[in-house]
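A.B. asks: Take a look at the letters that make up each chain.
2 protein chains.
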Amino acid sequence: MKKHFSEELTLIRQTVLRMGGLVEQMTHLSVQALVERNEEMLKDIRKMETEVNQLHIDIDEMCLEVIARRQPAATDLRFLSAAMKINTDMERIGDQAINIVQRTESLLTVPLLKPLIDIPRMAETAKEMLRDALDAFVNGNDELAYETIKKDDLVDQLKDQVFRELLTYMMADPSTIPRALDLILVSRHVERIADHATNICEDVIFMVKGKDVRHQGPLA
Amino acid sequence: MKKHFSEELTLIRQTVLRMGGLVEQMTHLSVQALVERNEEMLKDIRKMETEVNQLHIDIDEMCLEVIARRQPAATDLRFLSAAMKINTDMERIGDQAINIVQRTESLLTVPLLKPLIDIPRMAETAKEMLRDALDAFVNGNDELAYETIKKDDLVDQLKDQVFRELLTYMMADPSTIPRALDLILVSRHVERIADHATNICEDVIFMVKGKDVRHQGPLA
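Protein chains in written order, with our numbering: chain A, 1328 to 1547; chain B, 1328 to 1547.
Chain A on its own, in the form it takes in the complex (with noise of 0.2 Å):
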């Protein structure tokens, strides 16, 4: 049976929110699985990296394919090829999970270093903003877009903090640095996160306004 365009629109829609909500869940089951030292979810989250790069494909194909046969007009295409690059970043998203997957495997093979605070926080606020960034995305919501990307501020300042904090362990025992070396590539993977989160909002204001947010420095 052929597919109404319209039809065809929400089926990428759809798919974009399933892959988003899987990006999401690895994000904050990686972090979860370190402050809990729980091996187990770092199985869960390589089982649905399987799943994120499928859809990845997947997203790819049904758009380009949409594209050729439909020939949509300027609205159309600009929701297409937004949905091609948030694609990329949602992948993205995925390896900097993994990322963080494997820093983890290698710390909990050793005493926890200190009790985690700013990168949970870090995290959740990356996953806030991803969450965002997709509603954004589906709604065609500008305004929420520009919202989600002021976050990205706190993200960094937590990033730093965490720097600066984990440099005072290391420089007063030396044999913290390995723990403390993971645990800052933690922080910078999930600020990264929060960085393809940013990407995805930049996305939907050209989507939305046609205009280019991109390299305009901050934000008013």
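Simulated from the structure, these hints should not be mistaken for laboratory data.
Misleading hints may appear alongside valid ones.
Pairs count within a copy or across copies, as identical chains cannot be separated in the list.
[Stated by the list, open to error] Derived DMTMM-like pairs (lysine to aspartate or glutamate); straight-line CA-CA distance at most 20 Å:
{"id": "1", "residue 1": "K1536", "residue 2": "E1392"}
{"id": "2", "residue 1": "K1486", "residue 2": "D1422"}
{"id": "3", "residue 1": "K1536", "residue 2": "E1388"}
{"id": "4", "residue 1": "K1441", "residue 2": "E1363"}
{"id": "5", "residue 1": "K1486", "residue 2": "D1469"}
Put chain B on the given structure of chain A with help from the hints.
C.D. replies: Then chain B, alone, in the frame of chain A:
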């Protein structure tokens, strides 16, 4: 005067190459500035970034405009879609070079920790990968793209080697920690440039073969 379709594609190809040349130079100079402790170079790189950011916007606009107006068939659509994806990766290579500039600025305020050997080798390889990836793109050469992807392993090995070596410095003398951390981060930024070159190769293979090679694990 109206341009022919083939002229439009040629212009896009040329613009991608121009941007590629710039981010290749940024990659080279950012590490060279660190090796030679040369602050002037850092300024040059920042100027290049402004140009790269403008080209990033231009290429996306050109591609979308051509897709909307020409309604290209499958092969040309794959070319245009590859150009847009490659555009994203090149812009992020520029971002990574700027990250290296920031670390170098910090490293130039303190004495050199050790002569740099592996990091310049990593940068050289990443730069070669980028050049070959773009060659593969403009010539539709998927063989070259496959060959280039294989070099990513060398960059990863060097990154691990840099990490292990700097770890021994830090453990032996905590006063070296801040400098060693900056160097570790530089090596990771270079590694990510090589990752982006790998992404470009995968896009080229998809463009040529219409086959998605992403997420297939190690290539034969």
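A.B. asks: For K1536 and E1392, with the copy left unspecified, which applies at a CA distance of at most 20 Å: within, between, both, or neither?
C.D. replies: between (25 Å within a copy, 16 Å between copies)
A.B. asks: Should K1441 paired with E1363 be assigned to within, between, both, or neither, using CA atoms and 20 Å as the limit?
C.D. replies: Within one copy only: 13 Å inside a chain, 39 Å across chains, cut-off 20 Å.
A.B. asks: Reference check for the pair K1486 and D1422, CA-CA at most 20 Å: within, between, both, or neither?
C.D. replies: both (19 Å within a copy, 18 Å between copies)
A.B. asks: Under a CA distance limit of 20 Å, which applies to K1486 and D1469: within one copy, between copies, both, or neither?
C.D. replies: This pair counts as neither: shortest intra-copy Cα distance 27 Å, inter-copy 40 Å.
A.B. asks: I want to check one pair: K1536 and E1388. Are their C-alpha atoms no more than 20 Å apart within a copy, between two copies, both, or neither?
C.D. replies: between (25 Å within a copy, 14 Å between copies)
Violated hint for the displayed structure: number 5, the only one.
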